[in-house]
Amino acid sequence: MGVLQREATIPDSFVSVRGLVYEYDTRRAIDGVSFDIASGMVTALVGPNGAGKTTLLRCLAGLEQPVAGAIVVAGLDVLETPRAAHRKLGFLQDFFGVYDTLSVERNLLYAAAAQGMGRDELADAVTRAAESVGLADRMVQRAGELSRGLRQRLAIARSIVHRPPLLLLDEPAAGLDPEARSELSGLIRRLAGDGMTIVVSSHILAELEEYSTHMLAMRNGRLTGPRAIGESAAGRRRVRVGLLGADEPAKVFLATQAGIGDIRVEPGGLSFDLAGGPAAQHAVLRAMIEAGIEIAEFAPTGPDLQQMYLAEAAS
Amino acid sequence: MRVPALLTVNPELQRNLWLELSATRLVAMPVALAVLLGGAYAIADAETAVSATRFVLAALLLFWGSRLAADGFGEEVTTRTWDNQRLSAASAWSMTLGKLAGGTSYVWYGALFCALALAAFGAPDVPALLAANLVAGLVAQGTALLTALVLHQFSPGSRRGQTTIAQLAGFVCGLSALQSVAIPTARTVATASVATTTWYGVNWDNNGFVLVNLVLLALWLGLGVGRSIRREFGHADGPLGWTLFTLYAVLFMLGFTPEQSVESRIAGWFATAALTAGVLTYGGLLVTPASPIGLKRLVAAAQAGRGLDAWRSLPMWVPSAAATVIGVVGFVATLFLTAASKPEPLLPVAALGFLVRDIAIVYLVRLVWKRRTLIALVILFGLLYGILPALFRASELSLVRELFLPIPQHWSPGQPSGVGFGAILPWLEAAAVLAALWRRLQPRPSPP
Chain A
553 MGVLQREATI PDSFVSVRGL VYEYDTRRAI DGVSFDIASG MVTALVGPNG
603 AGKTTLLRCL AGLEQPVAGA IVVAGLDVLE TPRAAHRKLG FLQDFFGVYD
653 TLSVERNLLY AAAAQGMGRD ELADAVTRAA ESVGLADRMV QRAGELSRGL
703 RQRLAIARSI VHRPPLLLLD EPAAGLDPEA RSELSGLIRR LAGDGMTIVV
753 SSHILAELEE YSTHMLAMRN GRLTGPRAIG ESAAGRRRVR VGLLGADEPA
803 KVFLATQAGI GDIRVEPGGL SFDLAGGPAA QHAVLRAMIE AGIEIAEFAP
853 TGPDLQQMYL AEAAS
Chain B
307 MRVPALLTVN PELQRNLWLE LSATRLVAMP VALAVLLGGA YAIADAETAV
357 SATRFVLAAL LLFWGSRLAA DGFGEEVTTR TWDNQRLSAA SAWSMTLGKL
407 AGGTSYVWYG ALFCALALAA FGAPDVPALL AANLVAGLVA QGTALLTALV
457 LHQFSPGSRR GQTTIAQLAG FVCGLSALQS VAIPTARTVA TASVATTTWY
507 GVNWDNNGFV LVNLVLLALW LGLGVGRSIR REFGHADGPL GWTLFTLYAV
557 LFMLGFTPEQ SVESRIAGWF ATAALTAGVL TYGGLLVTPA SPIGLKRLVA
607 AAQAGRGLDA WRSLPMWVPS AAATVIGVVG FVATLFLTAA SKPEPLLPVA
657 ALGFLVRDIA IVYLVRLVWK RRTLIALVIL FGLLYGILPA LFRASELSLV
707 RELFLPIPQH WSPGQPSGVG FGAILPWLEA AAVLAALWRR LQPRPSPP
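For the protein sequence lines, the chains are A and B, in the order given. Number 587 in the working numbering belongs to position 35 of the first sequence; there are no gaps in the numbering. Number 445 in the working numbering belongs to position 139 of the second sequence; there are no gaps in the numbering.
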């Protein structure tokens with residue numbers, strides 16, 4: 553066992569971290585961090601420089617050995633069986649790490665083979681990865697001859713060539729022009745749509761907001777979250793309802809419903825706090841319609857990523 | 307898309323072959339060798355051509371081979387592809403083979419043409435010559451890659467001078483290996499007599515003995531590279547490899563114990579074991595980075611009674627140090643039980659105190675200085691064991707001198723050492739350095 557202490561029960565999450573402690577020399581970079589990430593979540597890892605984001609991602613990838621703690625990815629103990637865990641994850645660091653003198657095709661073939669893919673799978677995997685990042689027409693070109701943006705794409709393709717269920721991205725948009733950033737956002741959304749669980753560290757909060765479903769905030773080696781984006785610190789979501797008719801009947805009706813609080817009348821409708829996720833929203837909307845309330849608009853609002861992050865920083 | 311079969315067998319080997327054996331390079335090597343060696347044959351004679359070929363062969367395998375072995379890894383670190391290799395699912399042993407065989411494949415390709423040239427020029431005993439160069443090449447390249455991996459542990463973020471140091475280490479070891487084998491030349495082949503080596507009381511053909519042991523050394527180097535890569539890959543293996551190497555080295559050295567009476571031979575075995583293990587303790591100590599995290603892991607595992615975890619966190623010099631202690635105790639006990647003149651028991655007690663002190667010093671220096679610690683340690687130990695004792699010897703301050711050297715001034719082996727109070731001094735020094743080390747290891751609070 554490669555860890556000092558581990559809690560007896562680790563929940564059945566896709567990524568589970570318990571009591572993670574990491575030190576550089578005698579300075580503590582990660583201080584007893586625990587969290588779970590469910591399958592399919594796109595988690596934004598945010599925090600100031602030096603907060604420990606990169607170290608946390610490197611620990612998740614099994615590149616750093618913590619002083620204490622346990623990390624489980626897809627049921628595999630990353631610290632105990634790092635090689636097996638690597639088949640389940642892809643990690644794009646804040647540098648390219650591609651072989652400049654090899655062609656795009658050979659870079660991807662090597663990456664896929666090094667992840668243990670069989671000979672009959674390699675060609676398909678390489679073609680699929682190259683197509684997903686728009687490099688299919690540059691397979692014979694040397695990596696060293698590609699532009700910065702294209703090299704970044706190759707690095708992403710290398711990280712996903714073995715179709716890992718977990719993708720870790722450390723500052724993936726660093727150094728990219730706006731167009732390339734937009735393409736990167738599209739790619740992350742597509743990968744998330746394919747069911748990949750993604751953890752992205754970045755300073756560009758607006759960009760993270762485009763594709764993230766949850767936020768992990770890190771400061772001084774400590775962590776809060778993950779919280780669903782749009783959810784308050786208490787785990788409640790603000791919902792705004794636009795009404796065609798009078799607001800009083802709707803207000804009276806909502807007051808009788810479970811999980812609803814802080815109902816406020818606003819111009820053209822009202823807003824309220826709702827406990828729970830999309831299923832709870834669906835139930836409330838359906839109940840309101842069945843109660844004959846004329847609804848013109850029903851929209852979860854709540855704090856955006858930047859507001860959530862600043863609120864965490866202030867607390 | 308063409309997928310080579312080797313790619314799925316050993317991706318690292320295939321990648322290196324892609325890089326090293328491009329079409330241009332495949333043509334360039336034989337052309338260059340043909341010009342060089344053919345020119346030597348045309349200008350001079352066959353004997354000169356053989357000498358030139360032997361020189362080129364050794365230069366290829368030892369000098370350039372060491373460079374390729376060290377530089378292949380250095381390039382990975384510089385271009386940040388090493389982290390991606392660490393993220394792969396490939397085994398450390400497949401990486402070891404891929405890097406050693408693939409990274410140096412170009413010089414082996416050149417060596418093939420040198421072998422053909424030697425045969426064509428009529429060199430004497432070509433198989434022996436090739437065997438010696440083959441083994442020396444493996445030793446050189448294995449040493450270079452292992453040195454590069456060891457240096458990387460000390461400063462993972464910097465490559466400054468590391469490749470050159472690793473190349474030089476490989477070249478020196480490879481050259482020593484090559485020179486330890488007596489290769490016949492046209493002049494010596496007729497007059498050569500068979501030299502022998504006595505090992506465990508048996509006379510062995512010298513060349514065969516050396517070659518077999520160099521092959522074993524090359525295998526140990528391969529094992530060392532594999533274990534180093536496993537550690538880089540995040541496996542916590544503990545010091546099993548170094549322990550086995552210590553055992554092997556002790557058994558190897560015991561074979562040279564001279565034929566004597568049974569008592570003397572047993573005492574000699576213990577002394578040889580203690581000396582060999584002692585040298586390996588210091589060797590292991592110098593190539594192991596001081597890792598506060600590793601030490602904390604070890605202490606916590608030991609406190610929690612998790613034996614396997616404690617073993618995995620154990621620094622590799624510890625089993626060698628334990629073997630040294632066993633050797634010293636066995637040596638003293640054997641002399642006590644058998645010899646007429648009793649040795650001074652405090653002498654080994656003092657020597658062990660110095661060993662503990664030195665271990666603590668190495669860790670403290672590494673934690674405080676962090677960079678260029680090897681130079682700092684060489685200077686420090688030169689002061690402690692050379693300059694300061696010599697100064698105090700000159701001043702006849704014997705007690706002060708015992709602070710730095712446990713052996714009294716006029717002592718000779720077999721005589722009572724006269725070490726008395728002086729035996730406590732190294733332990734007091736050890737305690738002082740250990741206390742400083744403990745303070746250094748205490749965690750500093752995180753910045754607010």
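Honestly, the hints are just simulated from the structure, not real lab data. Only a predicted model underlies this, so the values are computations on that prediction, with no experimental measurement involved. The beta carbon of each residue, even a glycine, is placed where N, CA and C say it ideally should be. Among the hints, a few may not be true.
Stated by the list, open to error - Simulated restraints, written as ranges between beta carbons of each label pair:
hint	chain 1	residue 1	chain 2	residue 2	range
1	B	Val-605	A	Asp-672	48 to 54 Å
2	A	Gly-813	B	Ala-741	36 to 42 Å
3	A	Arg-671	B	Ile-471	37 to 43 Å
4	B	Ile-471	A	Ala-688	41 to 47 Å
5	A	Asn-601	B	Ala-329	45 to 51 Å
6	B	Pro-310	A	Asn-601	41 to 47 Å
7	A	Ala-590	B	Leu-592	44 to 50 Å
8	B	Ala-311	A	Glu-731	54 to 60 Å
9	B	Gly-613	A	Asp-583	26 to 32 Å
10	A	Arg-774	B	Leu-614	28 to 34 Å
11	B	Ala-340	A	Ala-726	34 to 40 Å
12	B	Leu-689	A	Asp-583	36 to 42 Å
13	A	Ala-675	B	Leu-581	56 to 62 Å
Results for each hint:
A C-beta distance of roughly 50 Å is found between Val-605/B and Asp-672/A, which places it inside the suggested range of 48 to 54 Å. With their beta carbons about 60 Å apart, Gly-813/A and Ala-741/B fall outside the hinted range of 36 to 42 Å. At about 40 Å, the CB distance of Arg-671/A to Ile-471/B agrees with the hint of 37 to 43 Å. For Ile-471/B and Ala-688/A, the Cβ-Cβ distance of about 44 Å falls inside the hinted range of 41 to 47 Å, so the restraint holds.
The hint said 45 to 51 Å for the Cβ distance between Asn-601/A and Ala-329/B, and at roughly 47 Å that hint holds. Here the CB-CB span from Pro-310/B to Asn-601/A is close to 44 Å, well matched to the stated 41 to 47 Å. Between Ala-590/A and Leu-592/B the Cβ separation comes to about 48 Å, which falls inside the hinted range of 44 to 50 Å. A hinted range of 54 to 60 Å is violated for the C-beta pair Ala-311/B and Glu-731/A, which are about 40 Å apart.
Here the CB-CB span from Gly-613/B to Asp-583/A is close to 28 Å, well matched to the stated 26 to 32 Å. For Arg-774/A paired with Leu-614/B, a C-beta distance near 31 Å keeps the hint of 28 to 34 Å intact. Hint check: Ala-340/B to Ala-726/A, Cβ distance near 50 Å, so the stated range 34 to 40 Å is violated. One distance hint, 36 to 42 Å for the beta-carbon pair Leu-689/B and Asp-583/A, holds here, with the actual separation near 40 Å.
Take Ala-675/A and Leu-581/B: their Cβ atoms lie about 59 Å apart, and the range 56 to 62 Å holds.
Violation of the numbered hints given earlier is confined to hints 2, 8 and 11; the remaining hints are satisfied by the structure.
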